[in-house]
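Assemble the whole structure, with the sequences as input and the hints as a guide.
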Amino acid sequence: MGDCHRCPVAAVLSAKSHAGPRSVAIVGPPNAGKSTLFNRLTGLRQKVANFPGVTVEEHVGRVTLEGGGEVDLIDLPGIYSLEPRSEDEQVTRDVLMGQSAVRARPEAVILILDSTNLGRHLMLAAPILGLGLPTLVVLNMADDLASRGGKVDDVALSEQLGAPVALISASRGEGIEAIWKFLSERVAQPSPVDLPLLNNVPHCRLWAQRVGDNAAYHPPAPPLWTTRLDAVFLHPVVGPAVFFAVILAVFQAIFTGATPLMDGVHDLIAWSGTLVGALIPNGALRSLVVDGVWAGVGAVVVFLPQILLLFLFLGILEDSGYLARAALIADRTMARVGLQGKSFIPLLSAYACAVPAILATRTIENKRDRIATILIAPFMTCSARLPVYTLIIAAFVPDKHILGPFLGARAAALLGLYLLGFTAAFITAKVLKSSILKSQRNSFVMEMPPYRMPTLRSLALRLYDRSKIFLRRAGTIILWVSIAIWCLAHLPLDHGHVPPIEKSLAGTMGRTIEPAIQPLGFNWKIGVGLITSLAAREVIISTLGTIYGIEGESHGTGLQAAIQRDLNLAGAVALMVFFAFAMQCMSTIAVVRKETGGWRWPIAQFLYMTGLAYSSAWVAHSVIMRFYM
Amino acid sequence: MQLSFKRDADGHLAAGSEPTTLAHLRRGEHAVIDRLDVPDDIARRLMELGFLPGSTVTAGLSAPGGDPRVFQVDGSEIALRKETAARMKLRSKQKRSRPVSA
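In order, the protein sequences belong to chains Z and S.
FYI, numbering that gives the first Met the number 0 numbers position 422 of the first sequence as 421, with every residue one higher than the one before it.
FYI, numbering that gives the first Met the number 0 numbers position 34 of the second sequence as 33, with every residue one higher than the one before it.
Honestly, the hints are just simulated from the structure, not real lab data.
It cannot be assumed that every hint is accurate.
[What the hints assert, rightly or not] With a cut-off of at most 25 Å between alpha-carbon atoms, the simulated BS3-like pairs for lysine-lysine come out as follows:
#, chain 1, residue 1, chain 2, residue 2
1, S, LYS92, Z, LYS432
2, Z, LYS366, Z, LYS429
3, Z, LYS432, Z, LYS593
4, S, LYS81, Z, LYS437
5, Z, LYS366, Z, LYS432
6, S, LYS81, S, LYS92
7, Z, LYS593, Z, LYS437
8, Z, LYS467, Z, LYS366
9, Z, LYS437, Z, LYS399
10, Z, LYS366, Z, LYS593
11, S, LYS92, Z, LYS429
12, Z, LYS366, S, LYS81
Nothing here was measured: the structure is a model prediction, and the numbers come from that model.
Shown next as structure tokens:
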């Protein structure tokens, strides 16, 4: 296919399976189900959540049709009209108008609207039909519409809009055949219908009303469960109590729930390491594979169950719609530091990873609010810090209950570290918003989606996606750093023999910076870890894994026991404080540069965070040494 | 419809008088929007969300402390901060239904 599509005459003559559009954009208002439909059609692991503004840049997935033709589907951020107010809406407008620098104008459009809220959602049909591109109007959540007693005549609506209409349920996969048909057939321009004045919102709304009335649209009853659940979650007393209970439960589960799984993965890695080691003749290669690669990569892979558990909880909170309520509850607190509830969304996703969080700031309309949110996002405790914290806490904090079975000392320590990052973020925001990034108090306008039951399919896709990202990192950056560290720890050769590790290149590197980190209670081994963790935080674990793996013959103890020898309590606390504040992540630096359009902000941010990390770690170490040791 | 507006969080409202902005509405009360006293670009977004002159808005639940509050309008639930709600002026009720005591 391909060539015939550039020439309409050839397209008419070509086979049916080749006749469809080559690229189709999926557009719709926020939370109409664009990404759910995109996932359903492509099987590509696009993130879906029951939260307005999940898609902040365009995603492309190629689908193969039954006849063998191919279509590029473009999932675009949600819009209310073609008048953008934020960066993500600008992306959609540019792609649809053919003004995007990176993407050609799509040949057809799937307009997806929430059938349970058609009165308002139909307003978007006016500017989209006005584009003149072949359009399929998809009315999503047809199952909800029917179960709540609403109805619409899709044939009449199709006549009113001059475009085909399909009633579907993207989450259940009902009615999707109509979309496959649209994708595979040669599509027609929309028939001309009367469109309202696009720059006049009341006029558009009246038009949408008339179209809906002529299509016998009967809106459904309000969602009963949403009303019931909101009475609890937005209750002045019960609401915040539930909020904190949920957070505590998540922390406790991350620690206690993940332990058996992590032990299992740990044993599996140790067992496979021995197995692989036995296949390789004794010598440098076996040492590289077993002590370098297996010890280094394995030390990080052990944390996969814990990270997946965190993402499972975040996924349930997002997909259910609870997160929008949490943003509402948090808005007052955010306002106190000069930000708004919308900043809460990226900040919460920064608990998973700062990179998508920084991309998610595109939904914030105000430029200064957006920069401030970007600058504080890396303070939120991302999942790459979790392995570092877990390792040190498990080595230094006793496994005791402090609040009965509900909260153990280790979970409490972890929660404390999360609070530490959160506090640094808020103080930084306050300083920025009352100085260089001062702006007027902003309007906070946010749609509250109805609660929905998270589907297993969506949660499973999320965890699959996250495992892939995590293992890819383990297979690339962590693997290479492990090999590099192994080499650095074995060179330069001393009369053809491996040098003692203190005299190796890695040892020299560590010893060079040792004077600078000694006041924090770190020795040269931790120093090597600090250098390598500039690439990514969890690399310190693989580095220590490799270094101790090399030493392993003499000690034969686990990473946890090894770290207890090299750090005292003051040093351990200082190390965790350092990791809470330092910006050790190349991906984050790169995305900040991209999103702020220059090196100015990422450099300032790096210097600030590293300075804060160093001085706070020094204070923590000094205080503990003085009063507790 | 009869509603009492004697109590108000900000004290802007005299006892028994009518609410004049969306911020005066308490949970469960509804009123009709008259005009939006906000900059054009924000007005456009609010109208796209359903806050059009002539639309009926019902005040819903709020965050602890009453701000921001969720409003039901045009089939959806939209949360607004008090200062935004305070700039949405309401249509006087007298035109539509006369108070019993007047």
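Against the structure, the hints:
{"no.": "1", "hint": "LYS92/S x LYS432/Z", "result": "violated (41 Å)"}
{"no.": "2", "hint": "LYS366/Z x LYS429/Z", "result": "holds (16 Å)"}
{"no.": "3", "hint": "LYS432/Z x LYS593/Z", "result": "holds (22 Å)"}
{"no.": "4", "hint": "LYS81/S x LYS437/Z", "result": "holds (21 Å)"}
{"no.": "5", "hint": "LYS366/Z x LYS432/Z", "result": "holds (12 Å)"}
{"no.": "6", "hint": "LYS81/S x LYS92/S", "result": "holds (22 Å)"}
{"no.": "7", "hint": "LYS593/Z x LYS437/Z", "result": "holds (23 Å)"}
{"no.": "8", "hint": "LYS467/Z x LYS366/Z", "result": "violated (33 Å)"}
{"no.": "9", "hint": "LYS437/Z x LYS399/Z", "result": "violated (45 Å)"}
{"no.": "10", "hint": "LYS366/Z x LYS593/Z", "result": "holds (15 Å)"}
{"no.": "11", "hint": "LYS92/S x LYS429/Z", "result": "violated (43 Å)"}
{"no.": "12", "hint": "LYS366/Z x LYS81/S", "result": "holds (22 Å)"}
This entry does not satisfy hints 1, 8, 9 and 11, going by the numbered hints stated previously.
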